[in-house]
Amino acid sequence: MGEFKVHRVRFFDYMPSAIRAMAFNSHTERLALVRADGALEIFNFADHYFQEKVIPGQDGRAVEALCWVGQRLFSAGLNGEITEYDLENLRPRYTVEAYGGPIWTIGSNKQGTLLMVGCEDGTVKMFEILKERIQFQRNLERQKGRIVSLSWHPSGTLIAAGMMDMIRIFNAETGHATHRMLVERGVGASKSREVVVWSVAFLSDYTIISGDSAGKVQIWDGLTGTLVRTHLVTKWDVLCLSVSQDESSLIAGTSEGTVVQFQFISSTVDQQEEEWVRTRTFKNHSHDVRALAHTETAVVSGGMDTQLVVRPLLDKVEKNTQESAMRKIALPHRSLVCCAKKAGLLLFQFPDHLEVWRVGESDGHGKPGDSLPVKRKPEKLIQLKGKGGDHIYSSALSPCGEWLAYSTVSSVRLYRLQYNNISITKVSKLPKDLCLGHQLCFSSDSTKLFASSRHSSVIVVALNQLECKYLHTLKPKSGSRQPVHLLCTSEDGKWLATANTDCEIHVYDLHKRKLHCTVPIYSSCPTAIAIHPTTSHLVVVHADQQIFEYSLVQKEYTEWSRKLQKQGLHSLWLERDTPVTHVTFSLKNPAHIILHDMFMFCIIDQSLPLPESKTLLYNQMTLRSLPEQERIRHSHAFKICKNFKHVMCVSLLEDHSLVVAAEPVLHYLSEVSKRAQTTLSQFAGQYIHVMGL
Amino acid sequence: MVEHGDIRVVHRGGSKINFRKPVITNDSRFLLCASGESVKVFSTSTEECIHDLRGHTDLVTGVLIKPSNHLQAFSCSADGTVRLWDFTDGILIKVRLLPSIVVCPVLSVSVSSQSLFQLVAVHLPQSGDQLVEARELSAVLTGISSNPAATVFGRGGEYIASANGLQLEVYFFKKQKAYRFSLKEDNKKGGKNTFTCVACHPNDDCIATGHEDGKIRLWRNFNHKKEYTYSTLHWHHSAVSSLSFTPEGTNLLSGGIESVLVQWRYNQENQRDFLPRLGAAITHIAVSPDGALYCTSHSDNKITIIQSCVKVSAVIQGLVKGESVGTDLMIDPRSKSLVLNGKPGHLQFYSLQRDKLLYNLDIVQQEYIHESGLQQFEVVKAAFDASGNWLATVEERKQKGAELELNLKLWAFDEQTQSFVLNTTISAPHEAQITGMCFSHATDSQTTMLVSTSKDGHFKAWQLAAQSQTDGKQPSVCPCPSWSCDFVGAYHGLVPECCSFSADGSLLAVSFQEVVTVWSPASWELLTTLSQPPKAIRNLCFGRLSCSKYLLGTTDSNLLCCWNLLTCSLEWSTSMDVSLLLADPLSENMAAFCCQAGCTDLFVFKPSEPRPLFSQKAVCSGMVTRAVFAPREEMLESCEESSQWLNRSQLYFLTQYMDLMTFTTKTEEERLMASSKQLVIDDSVAMTPFYLLLGKHRQQQQGGDDPQSGVSAERTPLPQGSVAIKELLQTPAHVLPSTSFLCSMFVQSLLISVTDSSKHAEEEMESEKEEEDSEEEIESSRTRPEQQAAVGGGEAAESAAPAMTKAQVRELRRVKKLDHSWLAGLLDS
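Chains as they are written, first to last, in UniProt numbering: chain A, 1 to 693; chain U, 1 to 829.
Hints listed in this document are in silico derivations from the structure and should not be mistaken for laboratory results.
Warning: the hint list may mix true and false statements.
[Said to hold, decoys possible] Straight line, CA to CA, 20 Å or less: simulated EDC-like cross-link-like pairs of lysine to aspartate or glutamate:
no., chain 1, residue 1, chain 2, residue 2
1, U, K225, A, D270
2, A, K110, A, E296
3, U, K226, A, D246
4, U, K226, A, D270
5, A, K316, U, E227
6, A, K235, U, D273
7, U, K226, A, E318
[Unchecked claim] Label-pair distances were calculated between CB atoms; the ranges are:
no., chain 1, residue 1, chain 2, residue 2, range
8, U, F172, A, E318, 23 to 29 Å
9, U, H70, A, E323, 49 to 55 Å
10, A, E318, U, A292, 48 to 54 Å
11, U, Q268, A, R138, 40 to 46 Å
[Claimed, not checked] Listing some non-contacts, in silico: residues in chain A with all C-beta distances to chain U over 10 Å:
no., residue
12, S266
13, K328
14, E559
Given the structure is predicted, the values throughout are model-derived calculations rather than measurements.
Every residue, glycine too, gets a C-beta built ideally from N, C-alpha and C.
With the sequences and hints as input, model every part of the structure.
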């Protein structure tokens, strides 16, 4: 595949944030997940667990609970507000103050008409869900002590509330508490500390299941208010519970990082009487499991160690299929690194700031595998802190390196950079239309800025030394309301391609300023798109790992793409579980497509034959050991390099050297544990310090 | 094995009692366990062996209480029979022949020879005969594990669970459907998932399985192909060897190599109780049907009985067998017990006659640390002198990179404590390992002498010498003599290997590689050297009694040589690969174990006669390196030529699998069987207080008899001492008054009577009335059809029953009035 000078960039110390809460919508098969920094992520479980949407968080905004009501998503947090998200425009739609102090939990009834929140002051507040907003309805009988967890009986008549040292059952109609069930405290030193009922679940057979800070999972009879069974699961806290749709299985997440499964099974074969029996234990986390979701086939868990783990239940899925493989989602499914090819600059996007680095230089030559002496060390040129507490959604650096743009939920900012004596100036006057930018992108000659806006439209802004001027808005014909999540331009400045979460890919002709064509819609969401600089072929990689090549001139799939579809991709390629997040092309060899996912980067040589299903896919090591003639016979189009872990970006610079931003795993993990320790200690003090909120 | 018709190789004494899971009877009073070719019945409270159920002709492979009659037990054996026993009395009730070998007591597992195991259901034909052949076999499962712990019945026998390798199979009898669940070979963390044992919950459908990596899995919902589920418990760090639920299903017991019994609460598995320090790895766990007792078998041939409050209440110890026996097998001349390595650092004294461990003698006197890889002191050599007054032991410790540590200890027998007391410790007696050690055999000589040979090229003679009391002004507190070195001998710098004293102690033969040197212990003069075609001498042995002029030796070059010490020349030699040469101390006979083609052959010969007395091919597989002649308590009188050598002593040997085997003759076996059959008839008397008293009485009587009278001696007539007893025993059962009535009379007859009839005179009138009533009862009962009384000899004695005298009748009446509750209390205890 030729030789490259590789800049191995290890100074992008991006740290994902801890997972705080999640909610699974079984109708749309979407998992909503919220992180400690307030960022919301939506995963599409029907489409290879692809991270479809991200809504960045805000400083000092701690979301405690999430709740789906139909297609609508609500969250509540310790700032005492209830927020509904606008999933089309990727921003909070509105927030409602609950006036009950910090909110610990949120829940809705099965009918989707009412929303309830549990507050610090001991009230359970009911909100009516209207079409466009929510409206306060009433309070349930006020209790002493905060309401930590809530669960609504499926019939809607009873509500179970987990509190300090007890569980209360409310009659939803009258609002009065009907039962008060005392939860035993832990033994020994923790006897003096009150026990927190972190989670409750109300089942349709009037069984209440609770998980508490003394490490117990308890099963109560909700009608009589009596304790049926106690399962001591851990020495520490049981933080979350989740019940399967058919109420035959229950999972509990603990602060030891384990997830314990309970199953509702009959003790003998022919007996009908069933009971909850502790069965499996999953240990996939190193720290607290803060959020759980029980889908029909899998246990989804997340916590302090920032990873989202999808652990299929082997009795529910076919064995040895792609579905039965465990998945760990550690890094976002989008590119956080932008590379200015001409200037040799890298832009790293963090939640609350941006960094611009110049890659190091070296003039040495060497054999493959050698490490070259660094003549000039990589240096951090600029660190730009986001303004106003809003976190950064998207950012872009122009290829010449002179322009930098980033967008937050509320605004787009553009900066002009100078490097001789490093300075940064904000372009103060931006066109009014440029207020929303889900994706930002500069044209290759750095004269235009593209920003995707509402309803999949793209705003084009012209840039020059003096001013920046709104040119026009490109709109698709389909009328899709989904946001654009991928944006790319061609090298010659003629084409602009957009992809949205409806799986549509539109290509615009920038010269004619109108829609050129729409690529036939494929069922899986595109994860990376790029336009070839010379042939103007659009390469699309989808979440199900399929690769398509579409000729923009002919408006049809290319010959190579058809051949690839006909022969099918190698099974090992399809089994990879992280999506391709970036596609780029080699300037030297037009037949090369360079793409990468989290664990590898791959150069697809279109001139070589495609791999047969029986051939070795990962064959670079074996090829190296073969003589020249053999090597040619055995080589195939997919040249895969797995030397790196946690690859964040692979990009080709002008001088034909490769920039690989990757983190060594060890570094990554130690960082997690270090950070988790500090957060743990913060968490331990949480009860006290949130009082002041 | 049946070359010599009447001589067989058998397991007798010192066999494994931990081979299979023991069984506790329903009333928790007895423990049944397979032991060699017999089933032993132990008392759970006294640890005594009560019965030895003999009858099987091969290893017993399983014991099980009969579910429909809890006083009977089945046993199965590798000889292809299942036997039904009445274990309280030790009677064989039925024998059933099975076409193939049975190894498992669960139901019956038959084995085909190609190491493929099949679980078969055996229909036991109902028939009155003692020997029944069961023909109806139906295969239930094929390809099961050979380990019986891996197959078990589920709740009420509704299903059977069997694990083999990585697969668990559950077969439901009603639906006739089998479900198979398999595990991956090992997970990423290196756990090994191989099944080791299975247990089923008695009430719930829950199967507990133990695994190689120490995990216990609790399987539920296993009547589904896919929706089965299991939870995992993990405490053991290595393989779980046994699992058992308590009868109510509230607890699960598990054990393994950690020697810790773990009691898990069912459904609250994080609550556990431990019983640590059980001494050795747990191999089996059994629970009594009432849940009051647990018992664990251990790898050191021990059964521990544990109360359900997790407290050890009794230990039944068999012959301890380690990986190897460093010391030879020896016979303690005093107790006639077998002596060999036992617990680490100990010598065990095991009575072969009573099949019981007598005691352990702590040789090393250091704490043994249970950890692999540690080098600790081990007893490597031991020797008794002829009278049993002295015991010499050698212990050594070889640490990596350190010098060898050696201790020679001499122990004197203390009459008062009846055990050995350390007399002398000689540290570093030699500079290198001790290869041989023997005492001078002469019983009449004044001084006792010990000779040790070592790899350092010397042999040393040690002698008991009175301690010189010159050093202290006061006489030393203990004036007992101690041992010191008398002579150091060497021969051309060669390494001495074996040493042997002649029978009278006048000659000492020491082999230096290929040279045998003969020394006079009196003057320490080298008398002669005998040499042979070059190869090292392996064994050296003097002849006994009439053959004491011969010295026999075996060499590495497969030669057995016999030298005549009078002529100092080779008398004869023969080519055979002798692994062990042994002289019977009570006769001229010598035994040679020859290893040939993976099997061991035995030759018994007299040095003076060219023809062997006895030879048997293929005694066992592998090489025999340890054997001993154990003197019999009573001589056998076998006239057959081939078995005469067994008359005075019995030959025991250890196979390579550490099984203690011996030779038995047909007559001996018959005698044993006869005595047990005799018991059968006598013991068919129910287990009543009478029986207890009577049995004792008879034993006393027998004690006075000539022990040589053998079989007929046991048929002595019943005690005729008291008229009342005669009355009791000779009257047919159906005409006897009620037992409570008789009992008091009987007891009274045993007491020394003090006549105080006047005291009860006024009561006589009333009792007379009652007496008439009971008379009527007796009358009516006579009309019933007569039944055979089970009392031995009762039939013959009936006619001789004398009428009661008036006085006796009166006494009977009076006795009846007395309060006898104290007696009941006495009997109960």
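Each hint tested on the structure:
Only pairs whose Cα atoms come within 20 Å are accepted, and K225 of chain U paired with D270 of chain A is accepted, the gap being roughly 16 Å. Of the pairs offered as hints, the one joining K110 of chain A and E296 of chain A holds, with about 18 Å between alpha carbons and a cut-off of 20 Å not exceeded. Straight-line distance between C-alpha atoms of K226 of chain U and D246 of chain A comes to about 17 Å, which keeps the hinted pair within the 20 Å bound. Proposed proximity of K226 of chain U and D270 of chain A is supported: the alpha carbons are some 18 Å apart, at most 20 Å.
A threshold of 20 Å between alpha carbons decides the hint, and for K316 of chain A with E227 of chain U the separation of about 7 Å falls inside it, so the pair holds. Simply put, K235 of chain A and D273 of chain U have alpha-carbon atoms about 18 Å apart, close enough for the 20 Å limit, and the pair holds. A distance of roughly 9 Å separates the Cα atoms of K226 of chain U and E318 of chain A; the hinted pair therefore holds under the 20 Å criterion. As the Cβ distance of F172 of chain U to E318 of chain A is approximately 25 Å, the hint placing it in 23 to 29 Å holds.
Take H70 of chain U and E323 of chain A: their Cβ atoms lie about 53 Å apart, and the range 49 to 55 Å holds. Between E318 of chain A and A292 of chain U the beta carbon distance is about 49 Å. The supplied range of 48 to 54 Å therefore holds. Evaluation of the 40 to 46 Å hint for Q268 of chain U and R138 of chain A yields a pass: the beta carbon distance comes to about 42 Å. Listed as outside the interface, S266 of chain A is inconsistent with that label: its C-beta sits roughly 8 Å from the nearest C-beta of chain U, within the 10 Å cut-off.
Every beta carbon of chain U lies more than 10 Å from that of K328 of chain A, the smallest distance being close to 13 Å; the non-interface claim holds. No beta-carbon of chain U is positioned within 10 Å of the beta-carbon of E559 of chain A; the least distance is around 43 Å.
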